[in-house]
Amino acid sequence: MGLQVVRPGAFTTIQDFGRIKYQHSGFSEAGAMDHYALEIANRLVNNPIDEAGIEMMLTGGSYFFDEPAIIAMTGGDCQPHLNGKKIPMYQGVMVQAGDQLTTKAIKNGRFSYLALAGGFDLPIVMGSRSTSTRYLVGGFEGKPLQAGDELAFRQKIDLDQPHVLRKWAKIIRTDQINELTLRVVMGPHIDMFSADQVKRFFGGSYQISRQADRMGYRLKGTRLETEMQANMLSEGTVFGAIQVPPEGQPIVLLADRQTTGGYPIIGVVCTADLGKLVQCPDRCIIKFKMITVKQAQTLIRKQKENIRVTIEEMGTTTVEPTDDLSFTDVKELIEAIDLTQLTLFDYRNHKSKITLKKHSR
Amino acid sequence: MQSRIVPLGDQGLQIQFEEKLDPEINSRVHQAADLIMSSGTQGIKEVIPAFRTLTVLYDPIDIDFQTLSYRLKPLIDDIGRVDRQTKKVVEIPVCYDKTFGLDLASISMAKKLPIDEIIRRHSQHDYLIYMLGFLPGFAYLGGLDHTIAMPRLDEPRIKIPAGSVGIAGQQTGIYPLDSPGGWRLIGATPVKLFNPTQSPHVPYQAGDYIRFKPIDRSTYENIANQVETGTYHLRINEVKE
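Top line first, the protein sequences correspond to chains D and P.
End of the first sequence = 361 in the working numbering, gap-free, step of one.
End of the second sequence = 241 in the working numbering, gap-free, step of one.
The shape of chain D in the complex, shown without the other chains (with noise of 0.2 Å):
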């Protein structure tokens, strides 16, 4: 097997890089909130950057583990702990077969990310493993991870082997953040709104709102007016687009965005700020600054380039097999006891002992 939820936790869902080739047909991308975090998930771990991981929403779960595995966990601070003692973020954490995983309220953010060395054993459906719970395609069953789920592993931890494990060498700051700057292209229909509103979104200060979820988050601030929206035709929609409904506030789409809209786009936070906002608490002030595309390219270059660099730099330690028992160990034993005429079976070695003794019926 391989892990089994114990407690999912208020929406927590298994996403990748999201579906991508197929919103020509109206389905949405789906994949991770934050394609940062997920990315140093999954670096930690050694995966390919988009492989499929845990993703956990505001609230922590529990999960138990019948196989050893190595895990990493970044995003959001989901205070992590494992048998009841707390585990670092942002490293790579050998997991015991028994082990159970705990995690609280997120801190400081909105999802924290859980990658698997090896990833999870789910189906690839139309190019990815992201769950889409709107039309139940995807991750486990199109569905949130409920209890009683079980995910198996695609690779198996080989214990007698030594295994590296990796440390992200950046400080992640852990302090509350109450003013955010993010960075926008402009929109293509800035010509929808006069001078005067771009200055007045350019100029206004928004938090996210209560309605805010995998498909945008509605800010609440500065008020906009549009001309002309009512018979606007609608058209493709990209991740981090600000729309301005008739109402006036600003709704940024996310990952789970509807393929198309029809109300005008103000600006498109810039890739690069995208994990930011979408960690955003709702105490937070957010500003918006103009940016051409030409530097926002510049700054999504550069930060993958950061997290490589980052990656070459980061610390290792190396876990060395060790003569424990481990709970497969125990498991296995008792089955080969069983097939025996073995009544009594003592093993010990340096560090442990174990007794079986079978109970006639």
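Simulated from the structure, these hints should not be mistaken for lab results.
Every value quoted in this text rests on a predicted model; they were computed, and no experiment measured them.
Some hints could be false.
Straight-line distance between alpha carbons at most 30 Å, and here's what the computed DSSO-like set of lysine-lysine pairs gives [to be verified]:
#1 D:Lys294 / P:Lys73
#2 D:Lys170 / D:Lys287
#3 P:Lys88 / D:Lys21
#4 P:Lys98 / D:Lys21
#5 P:Lys45 / D:Lys289
Place chain P on chain D using the hints.
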């Protein structure tokens, strides 16, 4: 031809044609989509055709906006007036029974037309699929007979079952999934509009046509059973323009 390329963030761009709901302009969008997807241009991930725009999604690590626009420009300039010999018409069976067509009676009253006539006028056209969006397999169809056109309901329904066929303004369409909605319902199709595990995932593409074929209640049940067992196949006709 009039078109322009504008950025849509740093991972997308939009090719805009004239801002008009027009089959001719829409066909340029689909030609552009085909040309771009078959051009093998580096960095392109997906295109989303809409009424009069084509959204192109690309990887900014592979290619920057300026270079990509420069490569796409000649492709778009090549688009001429369509001279297609045939069009693809997908036949969608629709049961206009009053158990599905909850608003048929009120439309009949408002339009002073018998229900049979409303059904006839709804099912006698080939509707152009301008674009797919909103939900998987949801087709934006143009060309509803204006004599049966009605505005949306003042109060949207909380739940409209998948397969419901409705009209709203100049549009008609099919709900691919249970969803809330304000369209006036005139019938239902037993056909599933999307299938994630079987290719093609959606039985039609933007640029194709849909024709509604009236069926009775027992045919509806029959087809529904065939859909359930995977033995139903839609009829698709190649028709001369």
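Status of the hints after comparison with the structure:
no.: 1; hint: D:Lys294 / P:Lys73; result: 18 Å, holds
no.: 2; hint: D:Lys170 / D:Lys287; result: 26 Å, holds
no.: 3; hint: P:Lys88 / D:Lys21; result: 23 Å, holds
no.: 4; hint: P:Lys98 / D:Lys21; result: 39 Å, violated
no.: 5; hint: P:Lys45 / D:Lys289; result: 28 Å, holds
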